Amino acid sequence: MTTAGTSTSGRTRTVTPKHDVVIRFAGDSGDGMQLTGAQFTAEAAIAGNDIATFPDYPAEIRAPAGTIHGVSGYQLNFSDHEVFTAGDEPSVLVVMNPAALKANIKDLAQNGILIVDTDSFTEQNLKKVKYEANPLEDGSLDKYQLFKIDITKLTTAALNDMGLSTKEATRCKNFFCLGLVSWLFHRPTEITIQHIEKKFKNKPGLAEANRRAFMAGYNYADTTELFAESYEVKSAPITAGTYRNITGNAATALGFVAAAQRAGRPLFLGSYPITPASDVLHELSKYKALDVVTYQAEDEIAGIGSAIGAAFGGAIGITTTSGPGLDLKAEALGLAAKVELPLVVADIQRAGPSTGLPTKTEQSDLLLAMFGRHGESPLPVIAAASPADCFMCAYTAVRIAVKYMTPVILLTDGYIANGSEPWKLPEVDQLPDITVKFATDAATYKPYSRDEKTLARPWAIPGTPGLEHRLGGLEGQNGSGNISSDPDNHELMTKLRAEKVQRIAQEIPPMRVMGPKSGDAIVVGWGSTFGPIHAAVKQLQKEGRSVAHSHISYINPLPSDLGDLLKNYKKVIIPEMNMGQLRMLIRANFLVDAIGINKMKGKPFTISELVTKISAIMDGRKLEAVQ
Amino acid sequence: MTTAGTSTSGRTRTVTPKHDVVIRFAGDSGDGMQLTGAQFTAEAAIAGNDIATFPDYPAEIRAPAGTIHGVSGYQLNFSDHEVFTAGDEPSVLVVMNPAALKANIKDLAQNGILIVDTDSFTEQNLKKVKYEANPLEDGSLDKYQLFKIDITKLTTAALNDMGLSTKEATRCKNFFCLGLVSWLFHRPTEITIQHIEKKFKNKPGLAEANRRAFMAGYNYADTTELFAESYEVKSAPITAGTYRNITGNAATALGFVAAAQRAGRPLFLGSYPITPASDVLHELSKYKALDVVTYQAEDEIAGIGSAIGAAFGGAIGITTTSGPGLDLKAEALGLAAKVELPLVVADIQRAGPSTGLPTKTEQSDLLLAMFGRHGESPLPVIAAASPADCFMCAYTAVRIAVKYMTPVILLTDGYIANGSEPWKLPEVDQLPDITVKFATDAATYKPYSRDEKTLARPWAIPGTPGLEHRLGGLEGQNGSGNISSDPDNHELMTKLRAEKVQRIAQEIPPMRVMGPKSGDAIVVGWGSTFGPIHAAVKQLQKEGRSVAHSHISYINPLPSDLGDLLKNYKKVIIPEMNMGQLRMLIRANFLVDAIGINKMKGKPFTISELVTKISAIMDGRKLEAVQ
Amino acid sequence: MTTEATAAVKLTRKDFVTDQDVRWCPGCGDYAILSQVQRVLPELGVPREKIVFISGIGCSSRFPYYINTYGFHTIHGRAPTLASGLKISRPDLCVWIATGDGDGLSIGGNHLIHILRRNLNVQILLFNNRIYGLTKGQYSPTSEEGKITKSTPYGSPDHPFNPIGIALGAGATFVARSIDVENQHMPGVLLRAAQHKGASFVEVFQNCNIFNDGAFDYTTDKENKLDRQLRLENGKPMVFGKNNDKGIRMNSQMQAEVIEFKDGLSEKDCLIHDETNPAIAYMLSQMVAPKFPTPMGVFFAIQKTTYEEVATEQINTAKKTRPLTIEQLLKSGDVWTVK
Amino acid sequence: MTTEATAAVKLTRKDFVTDQDVRWCPGCGDYAILSQVQRVLPELGVPREKIVFISGIGCSSRFPYYINTYGFHTIHGRAPTLASGLKISRPDLCVWIATGDGDGLSIGGNHLIHILRRNLNVQILLFNNRIYGLTKGQYSPTSEEGKITKSTPYGSPDHPFNPIGIALGAGATFVARSIDVENQHMPGVLLRAAQHKGASFVEVFQNCNIFNDGAFDYTTDKENKLDRQLRLENGKPMVFGKNNDKGIRMNSQMQAEVIEFKDGLSEKDCLIHDETNPAIAYMLSQMVAPKFPTPMGVFFAIQKTTYEEVATEQINTAKKTRPLTIEQLLKSGDVWTVK
Ligand SMILES: Cc1ncc(C[n+]2csc(CCOP(=O)(O)OP(=O)(O)O)c2C)c(N)n1
Ligand SMILES: Cc1ncc(C[n+]2csc(CCOP(=O)(O)OP(=O)(O)O)c2C)c(N)n1
Ligand code: SF4
Ligand code: SF4
Ligand SMILES: [Mg+2]
Ligand SMILES: [Mg+2]
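Protein chains in written order, with numbering that gives the first Met the number 0: chain A, 0 to 626; chain B, 0 to 626; chain C, 0 to 338; chain D, 0 to 338.
Chain A extracted, bound-state conformation:
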C-alpha cells in the first residue's frame, strides 16, 4: 500500500511501506562505507527496526584505489519483523566506483535500486577493472532502477566555502550518501546530526563538513525528486528493554568483563593481534577502570602463557586469537589442562588453511579446538550463535572455567565478530552467579583434591601462607599433585580429566527445538550459522515441511539430550561453513547418518541456498544437483 507523506521540505512524497530492506554500501577501502553503514544501522535501530549487519572488507589495508581488491562493503538488513541474517541479496546497492559496481552488482536483486557516484566512472577507473564500455551507459544495468548521481561533485560543491582541500571535501561524500538513503527510507535527520556532532566533537570543522554533506544529500533527494517514491519500514515487535547495536567482538569483550566483575577478580587478557580477533583486545584495553589488564604479548604463545601465569595468580586469565594463533597455543593449552587452571581461549575463526582468507569467515577450527593438543587433553568448547550471543557465551566460558578449574575454548567467527545486531542489555545482577573461592586452609589443602560434584581441584594462589605448592606439566598424583610416573595413577588422572569435562553437561540446558518435536528432518547447527538456518527452516515450515531446527552451543561436552533428540527425525542435516566437522562428531557419538551442507566460500550461508539444499536433501535428491 502506498501512502502520501510529507517530507521535511514540505513537498508531498509517496511513501511505500516495506517489511524489510537489505541495503549494501560499497566503495573503495578509503571511501568510508563502513562508517556510512554503521550510521545508517544506528538510524534503523533507533527507529525500532530489527536489524542485522555484515561488513565485508579486504585483506589489504588500502589496496590500490579503484581495484576490485580494494572494495569494502557493508550490508544491513532492517525490518518490521524478526531478522536472523543480514539478508541474502540487497534490494538497494550504493556504489562509489566502478570496482564496487563490478564486485557487487551480481548480488543486487532484480529491479533493485542502484545508486552510483558517476564522478568516479572515469575512463581510467573503468579500465582498472576491465570494463570495456561504461556500464552506466551501455544498457547493461537496465534491469535495475539506476540512479546516477554526481556524488563527489555535489559534495564538494556543498562544502566549497569551507576552505577544505579537495581531498578533505571529497572524503565527506559518504555522508552525502547517508543523506540520500536517509531520505529514501524516511529517516529523521536529527539523530544523525547529533551523532556527527558527538563523534567529531573535538574536530568542529569536520563535524560541520559532514553535517553539511549529509544535509546536502538529504536535500538533494528531496528537491530533485530523484526518487519516485520513498519507503518506510515500521518498527518491529521487539521485547521491551534497553538495547544497543553490538558486534560480536564487542559483545565478547563485554562478556568477559562482566564475568570478571561478577567473580570479583581482575581480568587479565594476554593476546597478540590477529584479524579478526584484534578488536576484542582493542575493546578490552579501554576498560582499565574495571580492573582489566591487557597485555599485548610478543606472540600467541606468550599470550596464552601470560594468561596462565595470571590465572595462577588468581586473575581471570583470557587469551584471544584466530586460527593460526590457536595452532600456536596448543602446547600451552595442554599445560593449562594438565595443571587444571581456569582460562578462556577465544578463537575468532577465519577462513583457512594457513593464512587463507584472513578477513573472510569460516567455521573450520572446530576439530582443532576439540583435538588440537597432543596426549589426551579434552577441553570444553562453547560456540556463539550470533553477535549478541557472544556476550553470554563469553560470560559462560569464564563461569565454567572457574567452576570446573579448566581451560575453556570459545569459538566465534568473522561473520558474527564483525556483524552486528541489537542486543538487549542484561541486568548484571541477574547474570548467573560466578563465585570464586580460593583455598586458604593449610591444614586440609591438597593441590589435587577434588570437588565431588565438579571434580574441580582447589584454586590456591601465591600469597596464601602455608599453601606453597608446585604445579607442572609432568603427570602428578591425584590428591598431592606430586610428580608421579605410576601407571595406574596416569590412567586415573587421564580419566578424571576427561570425566571433569563430561560433568559440565550438567550445566547445559535442554536443547531448544524450533519446530516439530519429531518429523522428517532436523537441521542441526552450531555457531554463526544460526541466523541463516533459523530463517531457512522457518521458511520451509511455512511451506509446510516437517522440519525442525536445533542449535548446539556446547560442543564439548555435547548436551546429554542431543542423542535422543536426533532419533526423533528421519534425517539429520548439518549445515556448516567447513567440510563437516560437527557432522563427524555427531556421527561418531550417536551413529546417525547425518548429512552435511557445506560451504567453504568465506561467506555465510544465504537463506535461499539453505532452503534449496535442505529441501533437496529432504526429497532425497543429490546435493550436487542443486549446487
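Think of the hints as simulated: they come from the structure by calculation, not from any bench.
Check before you lean on any hint, since a few could be wrong.
Lysine-lysine pairs mimicking DSS-like chemistry, simulated, CA-CA at most 27 Å apart [said to hold, decoys possible]: (1) K494/B to K569/B; (2) K621/B to K566/A; (3) K149/C to K198/A; (4) K338/C to K127/A; (5) K303/C to K290/D; (6) K494/A to K600/B; (7) K129/B to K319/D; (8) K285/A to K319/D; (9) K569/B to K127/A; (10) K235/C to K423/B; (11) K127/A to K166/A; (12) K149/C to K166/A; (13) K318/C to K436/B; (14) K494/B to K105/A; (15) K445/A to K445/B.
Restraint-style ranges between C-beta atoms, simulated for each label pair [unchecked claim]: (16) G240/B to T17/C: 51 to 59 Å; (17) K202/A to K9/C: 54 to 62 Å; (18) G263/C to N315/D: 33 to 41 Å; (19) S331/C to P509/B: 33 to 41 Å; (20) K200/B to T17/C: 16 to 24 Å; (21) S331/C to K17/B: 29 to 37 Å; (22) Q327/D to K202/A: 19 to 27 Å; (23) E207/B to D20/D: 56 to 64 Å; (24) D20/C to V512/B: 56 to 64 Å; (25) K17/B to Y444/A: 52 to 60 Å.
Chain D regions said to be covered by chain C (calculated; three or more residues, Cβ under 8 Å) [stated by the list, open to error]: (26) 205 to 211; (27) 292 to 298.
Quick caveat: nothing in here was measured; it's all calculated off a predicted structure.
Every residue, glycine too, gets a C-beta built ideally from N, C-alpha and C.
Got chain A; can you put chains B, C and D with the ligands on it based on the hints?
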C-alpha cells in the same frame, strides 16, 4: 625333555629346552642394564631366535642412585617361534639393587628365576626404597628361584690386578651378569667377546676389563654349579635372508635415507631434540656421506620451517618430534599443506598431556595428527606397527609426500621407537619406485596445474630459469596460484586439497585379515599395538574363538575396503593406548558401534590383558568387570 | 649472498618487476624500498632464477610478490626458518629475507637472532615502521614508550627494542641501517649487505603513512637531516652536520659525546669508525636522537664461517673420507643371515 | 624483585627446602646453585608465600620442585611468559625464573629478550652448562663451535650465543654472571639481582658432569682462577690476577687490552668499571678466554620503569579519573529503549 650337554669347562650339565624365554635386566640408570640387554639380544638374534625387546627407562638422567625413580630396565623375549611382543611377564629377572627388585618383582612369573646382586643390598640401600627387612632374607621371595650372587665383589675381584679404580671396576658388573646369563642360556662366548673387542677397540683397557668380567660371570656359573640346569631356546623358523636387530627409531632413520637415495635427492632433517624422538636425529646425523644434512634448529617451529624451506629447494624435507613438538608445528604444517610441498613429519608419540610421562609410551596424538591445524587442512597419516615396520612406513611417507606433493605425518611411539626386533634387510633396488621430476618447461609451467591421477602440482625449484614463482599461505587460484579471494575458488581449492589426500587410497593395499573373513568379532588396531593384538587374537583363535585381527597402517585416508570388511563381523573391537581416538574415526566413517579397549598407563598392552578383555567383550560382559 | 655471481647475466631493474598489482597503501614507504631493491639486484650479476625472497606476514612481508624472482610468503615470524633450510640445502642460491618490526622482532625474534648467530649467508631487510601495519595499527616492539595505539589507548608501557642492538647482541657479522626515502644511501647499503659473506642485517626506517605517519620525520627532515644523521664510513672519523662541523668523541670512560669543531676541536678528536670493532658498533647503536645524530650505514662487518659452508664441507669430507652407499648402510651393525 | 620486603619474617635456609627428592645426577652443578639460592632467600625478608619460582623444561628447570615456595614447572622455553602474566597481575609477588641454555636461549630466546626489554621486575637465573642435559647430550646455543655431541658427531657448525651480549642487546637493566662452584661470589650476585628493581639477568656457569664435564674448568681451576677471572666492582678499576698485578685498559679506538702492572703501568691505567655504561658492559661481554680473563659479577645495572608499575599506574589513574561500573559500561554506546 632334558638332555645333558657339555659346558666349556668340560663338566656335564643339564640342558632343558624351552620354546621361549622372557628375561628382564633391571638396575640403577648407571648400572649399564641397557647395554647388557642389547648385547644379550644380539646373542639371541645370532643364535637364530625370534626376538622382541622393550627398554624402559626413567625421565631423569640419573635419579639419585638407589631410588625407584632411577631404575632402568630392559626386557627381551626370545623364542623358537614367531614372537610379537617383548613378553607379558619375565620368567627371568636380573636385579642389581633393592630399588630394581622393588620396582620389578611384581612382574616376575611364579617360580621365575631371580638373580640378585647381594652386594647392593646394604642397609642404606634398603632404607632408600623403604624395605623394612632384607627381602633376600625374610622369605618373601620364596616363590621364585632366587640366586643371590656377590656380583660386585666377584667382578672387582676378577679385575683386581688391572690397576682400575673401584668405580671403574664396579662398572664392569653388567658384563659379569651377561656372562652369567650367557651360560644359563647356553650361548657361545666368542660372539660377545668379539663384540667387546669391536666396541672398545679404541679403549683396550676397557675391552680387557669387560672381557674379563664377562668370562668371570660365565665361568662362575659354570664352576660353582650355581644353576641346577641351563636352558636352550632353539632357532626359530625364520624366512631366509639377512637380518639385523633394529629399533624403531633406527629403522625410521634408515627408511628416510633409503627413500631419499631412491629419489636421488639430498635429505634434509630439521629437528629439535625431544624424547623419545631424538635418536632419529642422532642416527641421521651420522649419514652425511649419503647427502644427509641434519639441522638442529632452535625449536620445533624452526625445525619444520627449515624442512619446508629445504623442500622448496628440492630436498627431501623431514622433521621429527614427539607430542609437544607436534603441537608447535601445527601452523607451519598448515602452510606446507597450503603450498603443497612434500614433507614428512614424524611424531614419536609419548604419554601426555603436556610434559606427561616423557619416557613412557602412548598413542594419544592420533587426532592431533588428523585435525591439529586451523582451517581445513587434511593430511595423510601413516602409522608404523613395529620397530622394523618403521622402515617401510618412513619410506612410504616420503614416497607419498613426493608423489602427491603433500606433507605426510608418520606416527610411531616410544614403545616401538626404543623396542627392537629382527629386521630382514630389504634389497634397495626392490623398494617401490620414488621418482622425482622437477618442472623445467617455462612455456607450460603453472605453479598450481595438477596431475590428473594424483592431483599433485608440479615441483619447480629455484635455480630453474623461467619458472620464477611465488608461493604463500594466502589462498591462491587453482592453476596460477596467484592470490585469490574468489569465493568459488576457495571452495574449489579446499575440495581439491581434500580430494588429493583421498586419492592416496589408491596406494593402499587391501586390508590383511588374520583369521576368519567373517565371524563374531574383528579386532582392529593401528600402530604399535600390533604385537600384543596379534598375539592375543592368535591365542583366542587357538581357544576356538571366531575372531580376526586387522591392522590399519593408513589412517588418512582410511583404506577403501575397510568399511566393507568391518560389516562382516558382529563386533568391532579397537584396543588403543588412548581413550578411543581411532574408534571415533571408525564410528564416524562407518557408523559401526566399535567398542574400545583403552589403556593409558604409559605401557603397551600385555597379551593376557587383551585376551581377557576381548573375550569379555565378545561374551557381552562389561569391561569394568575385568579391569 | 652467494659469491657465485655470474658476470654473464645482464639484467635491468625491469627484469625484477612482477605482473602482480602492488597492494600497499598509496604513499607507503615500502614502495621506495621495493624500487631500490629492484635497482640493486641487477648489479649483483646473479641470474634471476638463483634469487629467492622469503618473508613472513605483514605489509612488508608482501615484498616477495613484487619481485620477479623465486619467492615465498610464509607465516608470521618464521621466514628465517624457511630461509635457513633453503640456504643450507641450496648454498648456490642468493637468499633474501623481508620482514617487519612485528614479524621479525615480535613473534619472530628468536629465529632472527638464531639465523644471525649461525651466520647463514642471507640478507635480512627489516622494515621498521614502529607499528603493526597489516593488522591496522597496534604498537610494535619498536614503538616508543607511551605510544597510543589501538591496543594501547592509555599509552604503551613497554621499552622498545633497539634492532641494531639486538642484532649485535646476537652476534651478527653485518649490521647496517638505512631509510626508505634516502634513495642515495640505501642502494650502497644493500649492495654491501649482498656482498657480505654471512648474515647481513639491515634495519630500514620505513614510514607507514596510515598508522604511524611521520615516525622518522625528525631524522629525514630535509632541512636538518645532515645535523641529525651520522653517516658512517669505515676508517673515517665520525663527522656530521650541514657543514661537517660536528663529530663524535669518546672519553676515557667510554662515553660518547657530540663535539662541535670549535675551541680547537676538530675531526682529529673524533672517533674513527671501525666496522670490525664490536664495542664501537654497540656504542653507536645506543646513540639516539635528539641527544645524538642517528647513525646510518654499516655499523659492523666482520668475517666468520657461515653455517652452510661448514655443513657442506662436512658432507664433502664425509663423502671423501668415509664413503658409504645405502646398501652398505643398511647392512651395517650386527647383521646375521638366516638360510 | 618486589621492594615490599617485610622485615618481620625471619626465615632460614631450611625453610626453603622441600620434601621432594632432588633428582639431579650426583655431582651436578645444579646442587650448588640450589643451595646458594636457598641461602640467599631468607636474606630478602620476603615471606615464603610471596615468592614464586617459574621454570621451563630441562634439568635446570626442575629447580622449583626443590624450593619450598610457590612454583611452576611449565613448558619448554615459556617460563618468561607465565612469569610476565603473573607479575603484571600480581606485582606484590617476588618472581624468579629458572632456565637453562636450551630452555632460555634456544626455544625460549624470544620470550627472554622480550621480558628483558619490558623490564618486568623478576629475577632470571640462566643455568648455562653449554649442553642439553635432560635430553641426554645434544649441543646447545652456547656450545662451542665444532663441538662433538650426540646430534653433531662431525662437530657443530654454529657460532655460540654470548648470553650476556644477548641480554644487553635486548635492553636488559641488570646483567650479571657467576659460577656454580663460586659459593662466595654467587650469593652477592643473587642478592644484587633480587634487590634490583626491574628484570635481572644472571648467567650462571654450571657444570653438567654427565654430558659436558669440565666445561668451565679453565675458568674455575683453583690454581689459576684469579688470573682467569675478572671480578667486576662498580667504580673500581678493572684489576685482576693472583697478585692483583694485571688489569684491563682501553685504547682510544675502544679496544680493550690486558696490561701487566710493570713498566710504569698500574691500576691507574685501567678502565674504571661503570655499571651504568652500556658500552663498557658490552665490551666486557666480548672479552673471552684465553685472551682475556672472564668477567664475573655485575656487568650492567640501570634504573628504568618496570612494565608492571606503568600498567598498574594506568589502572589506578583510570579508576580515579574515569571511574566506570560494569552497568555503565554495558549501557555505553548508542542505546535505545523499546517499551
Ligand atoms: C600467527 C599469526 N599471528 C598474528 C598474525 C596477524 N599479523 C599479521 S601481520 C602482523 C604484524 C605485522 O607487523 P610488521 O611485521 O611490523 O609488518 P607491517 O605490516 O608493519 O609491515 C600480525 C600481528 C598472523 N598473521 N599470524
Ligand atoms: C616443546 C618441547 N621441545 C623439546 C623438549 C625436550 N627438551 C626438554 S629439556 C630440553 C633442553 C634442555 O636444555 P637446557 O635448557 O640447557 O637444560 P639442562 O637440561 O641443560 O639444564 C629439551 C630439548 C620439550 N620438553 N618440549
Ligand atoms: S598500513 Fe602502513 S605499512 Fe601497511 S601498506 Fe599501508 S602505509 Fe604501508
Ligand atoms: S644431565 Fe647434567 S645438567 Fe642434568 S642433572 Fe645430570 S649433570 Fe646435571
Ligand atoms: Mg611494522
Ligand atoms: Mg643446558
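Note whether the CB distance of G263/C and N315/D lies within 33 to 41 Å or breaks it.
53 Å, violated
Hint check: K569/B vs K127/A, CA-CA at most 27 Å. Holds or violated?
66 Å, violated
Do K200/B and T17/C keep their Cβ atoms within the hinted range of 16 to 24 Å?
Violated - the Cβ-Cβ distance for K200/B and T17/C, about 60 Å, lies outside 16 to 24 Å.
Beta-carbon spacing of Q327/D to K202/A - inside the hinted bounds 19 to 27 Å or not
With a Cβ separation near 26 Å, Q327/D and K202/A satisfy 19 to 27 Å, so the hint holds.
Count the residues of the stretch 205 to 211 of chain D whose CB lies closer than 8 Å to any CB of chain C, then report whether that count reaches three.
violated (count 0)
Below or equal to 27 Å on CA atoms is what counts here, so check K318/C against K436/B.
25 Å, holds
Given the hinted pair K129/B and K319/D, is their alpha-carbon gap at most 27 Å?
61 Å, violated
Straight-line alpha-carbon gap K494/A to K600/B, limit 27 Å:
The given pair, whose Cα atoms are some 11 Å apart, holds under the 27 Å limit.
Holds or violated: K621/B with K566/A, Cα cutoff 27 Å?
25 Å, holds
State, for the Cβ atoms of G240/B and T17/C, whether the hinted interval 51 to 59 Å holds or is violated.
Between G240/B and T17/C, where Cβ atoms are some 56 Å apart, the hint holds.
K149/C and K198/A: Cα distance at most 27 Å?
Cα-Cα ~17 Å, so holds.
Does the alpha-carbon distance linking K303/C and K290/D stay inside the 27 Å limit?
18 Å, holds
This entry does not satisfy hints 1, 4, 7, 9, 10, 15, 18, 20, 23, 26 and 27, going by the numbered hints stated previously.
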